[in-house]
Amino acid sequence: NAGVTQTPKFQVLKTGQSMTLQCAQDMNHNSMYWYRQDPGMGLRLIYYSASEGTTDKGEVPNGYNVSRLNKREFSLRLESAAPSQTSVYFCASYQAGSTDTQYFGPGTRLTVL
Amino acid sequence: RKEVEQDPGPFNVPEGATVAFNCTYSNSASQSFFWYRQDCRKEPKLLMSVYSSGNEDGRFTAQLNRASQYISLLIRDSKLSDSATYLCVVNPNNAGNMLTFGGGTRLMVKP
Numbered sequence: 001n002a003g004v005t006q007t008p009k010f011q012v013l014k015t016g017q018s019m020t021l022q023c024a025q026d027m028n029h030n031s032m033y034w035y036r037q038d039p040g041m042g043l044r045l046i047y048y049s050a051s052e053g054t055t056d057k058g059e060v061p062n063g064y065n066v067s068r069l070n071k072r073e074f075s076l077r078l079e080s081a082a083p084s085q086t087s088v089y090f091c092a093s094y095q096a097g098s099t100d101t102q103y104f105g106p107g108t109r110l111t112v113l
Numbered sequence: 114r115k116e117v118e119q120d121p122g123p124f125n126v127p128e129g130a131t132v133a134f135n136c137t138y139s140n141s142a143s144q145s146f147f148w149y150r151q152d153c154r155k156e157p158k159l160l161m162s163v164y165s166s167g168n169e170d171g172r173f174t175a176q177l178n179r180a181s182q183y184i185s186l187l188i189r190d191s192k193l194s195d196s197a198t199y200l201c202v203v204n205p206n207n208a209g210n211m212l213t214f215g216g217g218t219r220l221m222v223k224p
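As given, the protein sequences belong to chains Y and D, one line each in that order. The numbering used here numbers the first residue of the first sequence as 1 and each following residue consecutively. The numbering used here numbers the first residue of the second sequence as 114 and each following residue consecutively.
Check before you lean on any hint, since a few could be wrong.
[Said to hold, decoys possible] Ranges between beta-carbon positions, derived for each pair: (1) 17/Y to 129/D: 45 to 55 Å; (2) 166/D to 12/Y: 41 to 51 Å; (3) 169/D to 53/Y: 35 to 45 Å; (4) 51/Y to 121/D: 43 to 53 Å; (5) 111/Y to 189/D: 38 to 48 Å.
[Stated by the list, open to error] Derived lysine to aspartate or glutamate pairs resembling EDC-like cross-links, with alpha carbons at most 20 Å apart: (6) 14/Y to 26/Y; (7) 115/D to 38/Y; (8) 155/D to 116/D; (9) 155/D to 38/Y; (10) 158/D to 52/Y; (11) 115/D to 59/Y; (12) 9/Y to 152/D; (13) 71/Y to 26/Y; (14) 223/D to 169/D; (15) 158/D to 38/Y; (16) 57/Y to 116/D; (17) 158/D to 100/Y; (18) 9/Y to 38/Y.
Simulated from the structure, these hints should not be mistaken for lab results. Bear in mind the structure is a predicted one, so any value in this text is a computation, not a measurement. For each residue, glycine too, the CB sits at the ideal point set by N, CA and C.
One chain only, chain Y, in its complex shape (with noise of 0.2 Å):
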């Protein structure tokens, strides 16, 4: 199993494009989620889905929008870059059972100039 994949791993955007970032699970969870890191700001939740079919705000939403595209894919799209979106982004996902937490994807380093 390759667990969760990010594509793709660097991006570099000038301001105003767009672009998607992709994230896929095949461990078959319900729940996938978006984060996005910066220095001293630790894991920040930016959407999340709890199945297939629902997506919900986290912490920081603003600039972002998602797709629960299927069981297995959760799509970030940044429809008009900022600078202040520059940052690591994360995908995890989640099913209840013996360990009961998250697994992350090795994430998208994208720089926005």
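Go by the hints and put chain D onto chain Y.
Frame of chain Y, contents of chain D only:
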């Protein structure tokens, strides 16, 4: 007040030392607790869950004090490979199973 607070460090220790990290959480209704490890420029990975009775995994011991709302991680016989940032993570048992992360404690083990 942050929901999960940790000393950011860095903790600089020599190989073989014992080091302990503490973390406090504000939501007394929290049900699940974890320590994650994050290497530089990598994703967080689950190190261990923290149980009410305390638990040990090799050189690592985690403890929970619900009355004082703090969690600890003890690392014995530190190795160079233990150098990383350790994240204290709490599941407040909300409907979306959203985790609350501390800012992390950085550990640097020196030869």
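Agreement of residue 9/Y and residue 38/Y with the hint, judged by alpha carbon distance not exceeding 20 Å:
Since the Cα atoms of residue 9/Y and residue 38/Y sit roughly 16 Å apart, the hinted pair holds (cutoff 20 Å).
Given the range 41 to 51 Å, decide if the beta-carbon distance of residue 166/D to residue 12/Y lies inside it.
holds, 49 Å
Distance restraint evaluation - residue 169/D, residue 53/Y, Cβ atoms, bounds 35 to 45 Å:
At roughly 41 Å between Cβ atoms, residue 53/Y and residue 169/D fall inside 35 to 45 Å, so the hint holds.
Straight-line Cα separation of residue 71/Y and residue 26/Y no greater than 20 Å?
holds, 9 Å
Mind checking the alpha carbons of residue 223/D and residue 169/D for me, to see if they're no more than 20 Å apart?
violated, 24 Å
Does residue 155/D pair with residue 116/D here, judged by a C-alpha cut-off of 20 Å?
violated, 24 Å
Taken at face value, is the distance from the CA of residue 100/Y to the CA of residue 158/D at most 20 Å?
Holds, because 13 Å separates the two Cα atoms, which is no more than 20 Å.
Are the Cα atoms of residue 57/Y and residue 116/D separated by 20 Å or less?
Status holds; Cα separation ~18 Å.
Honestly, do residue 51/Y and residue 121/D meet the 43 to 53 Å range at C-beta?
violated, 35 Å
Is the Cα-Cα distance between residue 115/D and residue 59/Y 20 Å or less?
The given pair, whose Cα atoms are some 13 Å apart, holds under the 20 Å limit.
Mind checking the hinted window 38 to 48 Å against the Cβ distance between residue 111/Y and residue 189/D?
holds, 40 Å
Pair hint residue 115/D and residue 38/Y, alpha-carbon separation not exceeding 20 Å
holds, 16 Å
In this structure, the earlier hints numbered 4, 6, 8, 10 and 14 are contradicted, and the remaining ones agree with it.
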